[in-house]
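Participant: What follows is each chain in one-letter form.
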Amino acid sequence: MAYRSFVLICSGTGCESNKSGVIFDRMAKQITEKGLQSEIQLVKTGCFGLCERGPIVKVLPDETFYVDVKPEDADKIVEEHLLKGRPVKNLVYQYEESQKNIKIENIPFYQKQFRIVLRNCGVIDPENINEYIARDGYKALEKALFEMTPDDIIEELKISGLRGRGGAGFPTWRKWVFTKDVQSDVKYVVCNADEGDPGAYMDRSTIEGDPHSIIEAMTICGYTVGAHQGYVYIRAEYPLAIRRLEMAIRQAREMGLLGKDILGSGFDFDIEIRLGAGAFVCGEETALLASIEGNRGMPRPRPPFPAISGLWGKPTVINNVETWASIPVILLKGGKWFAQIGTETSKGTKVFALTGKVNNSGLIEVPMGTTLREVIFDIGGGIKNGKKFKAVQSGGPSGGVIPAEYLDTPIDYENLQKLGSIMGSGGLIVMDEDDCMIDIAKFYLEFTVDESCGKCSPCRIGGKQMYGILDRITKGKGELADIDKLKQIGRAMQKASLCGLGQTAPNPVLSTLRYFEHEYRQHILEKKCAAGSCKELVFYTINPQKCIGCGLCAMKCPVNCISGEKRKPHTIDQSKCIKCGNCYTVCKFGAVIKG
Amino acid sequence: MEMIQIKVNDIAIEVPKGTTILEAARKAQVNIPKLCNHPDLPPTAACGLCIVKIKNNPKMIRACATKAEPGMEIITHDPELYQVRRTVLELILSNHPNDCLQCPRNQNCELQTLAADFGIREVPFTQMIVEHPVDDSSPALTINPAKCVKCGRCVEVCQVMQNVWALEFIGRGYNMRIAPAADVKLIDSPCVKCGQCTAHCPVGALYEKDETPAVWEVLQDPSKHKVVQIAPAVRVAVGEAFGLEPGTVLTKKIYSVLKRLGFDAVFDTNFGADLTIMEEGSEFVERFVHKKGVLPLITSCCPGWVDYLEKYYPEMIPHFSSAKSPHEMVGVLTKTYYAQKTGISAKDIYGVSIMPCTAKKYEITRSDEMRASGVQDIDVVLTTREFTRMIKASGIDFLNLPDMDADSLLGDYTGAGVIFGATGGVMEAALRTAYYLVTGKDLGKVDFEETRGLEGIKRATIDFNGVKINIAVAHGLANVQYVMEEVKEALAAGKEPPYHFIEVMACRGGCVGGGGQPYGATDEIRAKRAKGIYEDDKQSEFRCSHHNPMVQKLYQEFLGKPLSEKSHELLHTHYHERPLYNR
Amino acid sequence: MAKITLEELRRLREQTKADIEKREVEGKETLVIVGMGTCGIAAGARETLKAFVETIEKLGLKDVVVKQTGCMGYCYVEPTVEVVMPDMPRTIYGKVNADVARKIVEDHIVHKKLVSEHVMDKPAADIMK
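Residue numbers (the working numbering), protein chains in the order written: chain C, 1 to 595; chain U, 596 to 1178; chain Y, 1179 to 1307.
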């Protein structure tokens, strides 16, 4: 097929939920109607990353980057751009004046990114194994099976400095070598695709956009450590990723890249999928293995570590999706190449889900060592609506907040830990002046309390007690002694919980206490929420100087607590006010004060 | 055994490889605080109290689940560990009702002991009590979710040690609790009422039904003739509630206190045990010698085991001995044989059994055949724990009582009867009499060491002058599956079954480790109690059931002979399949 | 279940790589820009475009991108095509039908020889060969 144009349409969950599938179908129909099907190739790809502006349609080789595309636009794109060669201006991503004529890869959002894990996302059709193969897919497997010994592979991983991307940052080569060296008749390879952090979707996008990278990497691991069976444990809330993965496994099996005697090497390996059932704790490795075994998803004490005694008591390598996706590249380009990227202690790149109050929210991949400022302001495009940056939360429910004074910190495992946070799986939530730190701590704690498995007392009871205290504080019923209580319980949870969930659940609280204790005190002593977020502590009052008595607020008040004569300043009855904020929103004169 | 060198609080000690830090620390004179850990069970690592530190490492690890490594330097208590442990304990207490004074575990509670040891005076956190109704559907056991500390012992016991699977964790996080699958009531679950859960629970979340009020009431009813019997295992354990060593044999004191409590007649279940041997031994001879009936023959005196077989192995029912359990035999005879002799009407006799067992609370109404006398043969079962409470409530100075005897008619026993209380005892007693029944002669040496001890499954071949009998003794219901599978496999293949005679006890150690015995049973204590039993056997005048003069008298005057029609009417029962779950 | 051998996989990769690389713009130094404004299309620019794509495919040239653009302004000599190549002057061709397209590929792109008779925008005389 000698195509002259290629239209890449994002089919990640984000864009699909915004009807990118409909866009694809309509364009396909239009292209057929206009007789262009032998000239134009429509390709469904994985995530482009600029999720804030999805659905995304990219036209090559014209390098037109369409954003915010709607199904209605499909016809226009085909008619105007594909047929007549005139890009649809109002859909094209708007560069700043100074940046006209630069390539897509060089727009601020992409310029500082380096896509290794996401190398194929937005480039290939994840449902077509040939496209994966075309981009050097399964070449690393060839190299491993025919040109390298297990020790060679371990050595390459060691040189690369790859550390587990699930959050713990444990050197991957060491995990593999433990399992490789232990004697056992049966060994297993497991991919942790449970991705439970709220708002994180790095793993989901990787599997949706490039499922074969996981399959290839797990097969390589099986060869390295002596395992012949792999399991991908993926949360059931990811139906599209599951479908793509199932398809990929099927295609790989059909081609003989999974199964017996792969490529004639004599090595057998196969992969099965196991679905999660809605438990964040099953992202913890021992609970995950218990779940695969059919048991209740509760963590087990370690040691013994899964590398020695894991699934059904057998040696098991369990790694995160991102770690797996990095493996083929490391083998092909060499550990040394990988080690050149990043910092002294943290090599390679990291995928982040950059969300919150930034302009360009989406999925990004940056070399370790990129500063927080670069991520938030250069890539993220700064704070939305011109508000002031307050803090960035990293590491999901296990992480902490980092205030403005540390924005120039290069991102790596150790630096973030020193600041009281963690790298985690890669969630980054940007917060501005309107976000209340106690509220964010409460939000995360509510999540971990709900998701606690209940096995050990420190987490099960401690989490609930901490939540109870935060709840009281946000409702104006806090006491000064509560701050020390939070610290006391937090420390007990960190030290005495059985697994990472309980050990890190206090982090958001302790971290916000570390940098924003003044906000806690304000909530407790002054019963005030400066950010205006804690409902019970927010008061709406009318400034008599600005109020012209139009009565609009009184009309919109759902509880009729605003009174006043026409053209005279109105007042709000605080005892009846339910803090809905309607009056604040509708007043055209800025006469309602929130605080 | 490879030994490794470690340090605990800078004290150098040597321990076998594979020892946990918790066990190792004892050698350095430290009992690390713990709540969820139990020597019977693999560590669940749930409570978080046993945390310790390794020198120069800020992390805290659980001593119960971490194995000591060579060269490890462990710190078991420093101010930081104390603070964190105390906070964890305070958290647990904040989640636990504050009603020790009204709790079945008052003064016998592991959490209470911890709170006392840590000097807790005030819990700085909000009291959060789980609101969930008590499950008292079972006639034997009660679950009170509000007091549960989620140690997980009961789940481990029921699933791993007993293989019954009546209990599991349901719900998540703060809402997690212990209940049968699908949250059915305990009575509708596979529960066999063995009571091992109550015996392992550290607090008052799982406990036996307290039926002492009914007994107190009857004791003051002059119209009732109150009769009581005690099981073999009770006499070697009751002393523990009064500070004596496990295994101290207090038979005659027990008879004494029962009389002083107001019982009109005091019998002994061991008599029933001797009788069981006569009936079951004869059954065995029928099957083994005369080939009437299937082999292997399996004992049926343990009601937990009966319930388990009816639920899990109903196809093996033909292999069950039809003999009732010893106390039921004494019960029915009390209201027939004894009633006849004394001229008291059966309906005026109130029979109490004091047992180490919770399942017997259910057994007494398990079928109509438990009313073979025309009324309910045994009216109430009290566990050893309830019995000790009655003694203490009465104020009687138990230890200083003069010794007394039981009422002979149904109270005299041989050594073979008392050994029923230990695992292997039924088998050993049966062998002593079987020899006589088969050969007509008496054994010279009546001790069968191969039946004794705490190994989960004991297998042996007994040689009776060239006649070989293959036996198996299993205790702890989880060990049953192996023996049953061996038998089923052989039978299915049309081969000779590997055993002729099998004894099963639901509780580890046999009845001495029963679900109703004093709290805190470990293998060490089970062994001590069993030792007491075997000593009582050694000192007995008669050591074989068929030598029991009162048993001989019973047959002469009342039953005729073993397996007679009368025996079958009164002393034997039938079994039927039961569902695992009642829906 | 056709199990693929090592050789077959490598061959498959070669083939598919070529297909996928057609989408790429990165590293491709030669640019063929076809004017696809209304006048261009009316004059048959789509056939021209097709011819370029097919010829480049046939000759296996990996370094060439074919793009389309709007009206270049030379409406009287449509279809118009601009060729940008290192080592060659930037050239705008006019009246490029399918045959001329093929010639431009063979002469200009492969042999680095201008197709003089169709050059619209001539480079300076001293550069012309």
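Simulated from the structure, these hints should not be mistaken for laboratory data. A few of these clues could be false.
Restraint ranges, calculated between C-beta atoms of paired labels, are given here [to be verified]:
id : chain 1 : residue 1 : chain 2 : residue 2 : range
1  : Y       : G1251     : C       : F589      : 53 to 63 Å
2  : U       : G714      : C       : N543      : 39 to 49 Å
3  : C       : D151      : Y       : E1186     : 48 to 58 Å
4  : Y       : C1249     : C       : N90       : 13 to 23 Å
5  : C       : N543      : U       : Q722      : 42 to 52 Å
6  : U       : Q722      : C       : D151      : 55 to 65 Å
If you want the ones that stay clear, here's a sample from chain Y, every Cβ over 12 Å from chain C, calculated [to be verified]:
id : residue
7  : I1234
8  : D1265
9  : D1285
10 : M1298
We treat Cβ as the ideally placed atom computed from N, Cα and C, and that holds for glycine.
Participant: Of the hints given before, which are not true for this structure?
Facilitator: Numbers 2, 3 and 7 - these are the hints that the structure violates, sorted from lowest upward.
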